[in-house]
Amino acid sequence: MVRGRPLGYSRAVVSELHDVREFLAGRPPFVALPGTALDVLPRHVSVRYLRRGASFPPADADPSVLYVLRKGAVEIRDAAGALVEKLAEGDIFDPTAVDSEDEPPRGGAASEDTLLYVIAGPALADLRRAHPAFDRSFDRAIVERLRRAGEAAHDAPRTGGDLLHLRVRDLVSRRPVTASPDLTVREAAQLMTRERVSSLLVADGDVLRGIVTDRDLRSRCVAAGLPGDTPLREVMTAAPVTVSRHASAFEALMTMSHRRIHHLPVVDGDQLHGLVSTHDLLRAQATNPLYLADRVGRCGSIEALRETVTEVRELHLQLVAAHATARQLGQAVTSVCDAVTRRLIDLAIDQLGPPPVPFAWVATGSQGRSELTLCSDQDNAILLDDAYSATVHGEYFAALSARVNAGLHEAGYVRCPGNVMASNPAWRQALAAWQGYFRDWLQRTDRKTVTLAVNFLDLRGVWGDDGLRQQLMAAVLPEAARAKVFLAYLAAHALGNQPPLGFFRNFVVARSGAHEGMVDLKKCGLLPIVDLARVHSLAAGLDVVATQQRLREAAAHGSLTVEGAELLDHAFELVWTLRARRQAEQLRRSEPVDNFVAPDALTPMERRHLKDAFAAISTLQRALSAAHGDRLPL
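Under our numbering, the final residue of the sequence shown carries the number 634; numbering is consecutive throughout.
Please keep in mind that the hints were generated in silico from the structure rather than gathered at the bench.
Don't take each hint at face value.
Unchecked claim - Straight-line C-alpha distance at most 30 angstroms; calculated DSSO-like pairs for lysine-lysine: (1) 71 - 523; (2) 523 - 484; (3) 484 - 448; (4) 448 - 523.
Claimed, not checked - Label pairs and their in silico Cβ distance ranges: (5) 269 - 129: 44 to 52 angstroms; (6) 496 - 598: 19 to 27 angstroms; (7) 64 - 523: 37 to 45 angstroms; (8) 129 - 598: 33 to 41 angstroms.
The beta carbon of each residue, even a glycine, is placed where N, CA and C say it ideally should be.
Kindly generate the complete structure, drawing on both the sequences and the hints.
Right, dumping it as structure tokens:
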């Protein structure tokens, strides 16, 4: 080990001073410093050499200094000896930075011969006082760094995509036009004509009871031959789907697309604010997945569907350019797949005749969570009413599911390699059979059953009466929240994908094949968060499936700390954004889309943010492991 050697002012070391400046200038947090500060900084830097196995930080070192790895690698461990971070070229280490006041300082050892730049404590303090942006880079809370990274990504200059950033309140331009439930349909038609609106909100005072549209008046009244004095309460849609005025306009659009409706009452608590329609939304924005969903609804062949699905790639490019969030991107891509699924079911029913018993087509996996991407495969199943008989009705639903799964494949949504599809008889069952499946998975738990259960704990209705799915979850979720052994296995499953803890040195990358030397952002970054969110959501018995919603609601119900939820939420947003940008680059180069990124293709700031995201995941995985302790299966 060589003692610290201050870099002097003599002409003999001018070249070395320049090298130090250039090395630091291109890496965070030093990129936040102006050129004049960078010019002076190398004079306060010393160089230290550690042999492999040497303690880090050195025992005789000043605790106020900042370390920058110039070459080599260092492993940082916690007080229990667990590996928490791997430092490599360009990484910094602040000996004073801990996650809480009760946490002892971390340390470790050089895992190979290592060269360090050591920045003197007084000089570092002066720089932090003089340059607030530089100082904020040292925020000890990872959640704050991830939050700022997300804000920077989504607040950058935008191109198009206005609907992504508008709020519903921005679209409500008039007071709501309301009617009493006792108003007759004749009077309602006259009111709509007078007010020049296509729908009425049916309310008792300020309490919303239902909605009536001009289409309802035509189909439910005129076509059905009802007299003009029929009260609205008999023809209205009761308890309609609503949206908050604080929700994004994009979220309202996705709700309309999913529910196949054209009007949404705007309600907060008991206060009725107005109504937003598809016309309002289409008029307000440029990048519109509803256009594609609407086109899908008019497609009469697989060829037409396939042609429309190819436009999802252009939609992805536009949304990435508009700095869409992870939820917005996932909802947009998923909405088109949902629309294709519904259209294929409708076409199948046209050919096969009406279904003999009620059923619901449900999505699982990433489609179920509304987190579909350009390279996702199919995951779906059918829930059948308990009146279903395999002998009597089996042939019909086998034919329907085969047509739909084949159509999805031909349209561009490839078959699930694990055969988690409705065409598999095992996943096309009556409600009672599904309840039996879950009962077995919860009571006879092993690694295989947990892997199966994970797929079907992310159910979301796509076609048919969602009441079947709701009945299933109402029976399953309370039992799952009490199933301690099952939750322990689910926790072990969530610990199966460990994020990498450092770049370049011992980094978790593909070792061979087309992705050699690249990081799988899905496996290393997104799936661990998806799995953690699922565990904490199920522990609270929550009937939600979208990952970020699960995190927020788990925190609200106390099964996850607020800080833990924020950490994972920001980490999910950052990793998803990096993947989306990488996929957009692949599309522009006409390359196959995947989930991989080369570490050296990231900017230094992106590497630092991604490292923070991986650290956040690792922290919450350790907390989950500690919470389950001896219950975790070996």
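Consistency of the hints with the structure:
1. Our distance criterion of 30 angstroms between C-alpha atoms is met by residue 71 and residue 523, whose separation comes to about 29 angstroms.
2. The straight-line distance between the Cα atoms of residue 523 and residue 484 is roughly 26 angstroms, inside the 30 angstroms bound, and the hint therefore holds.
3. The straight-line distance between the Cα atoms of residue 484 and residue 448 is roughly 17 angstroms, inside the 30 angstroms bound, and the hint therefore holds.
4. Under the criterion of a C-alpha separation no larger than 30 angstroms, the hint pairing residue 448 with residue 523 is consistent with the structure, at around 19 angstroms.
5. A hinted range of 44 to 52 angstroms for the beta carbons of residue 269 and residue 129 is consistent with their spacing of about 47 angstroms.
6. Checked against the given bound of 19 to 27 angstroms, the beta carbons of residue 496 and residue 598, roughly 24 angstroms apart, stay inside it.
7. Taking the beta carbon of each, residue 64 and residue 523 are about 39 angstroms apart, inside 37 to 45 angstroms as hinted.
8. Our hint of 33 to 41 angstroms for residue 129 and residue 598 holds, since their Cβ atoms are close to 38 angstroms apart.
Comparing the model with each earlier hint shows no violations; every hint is respected.
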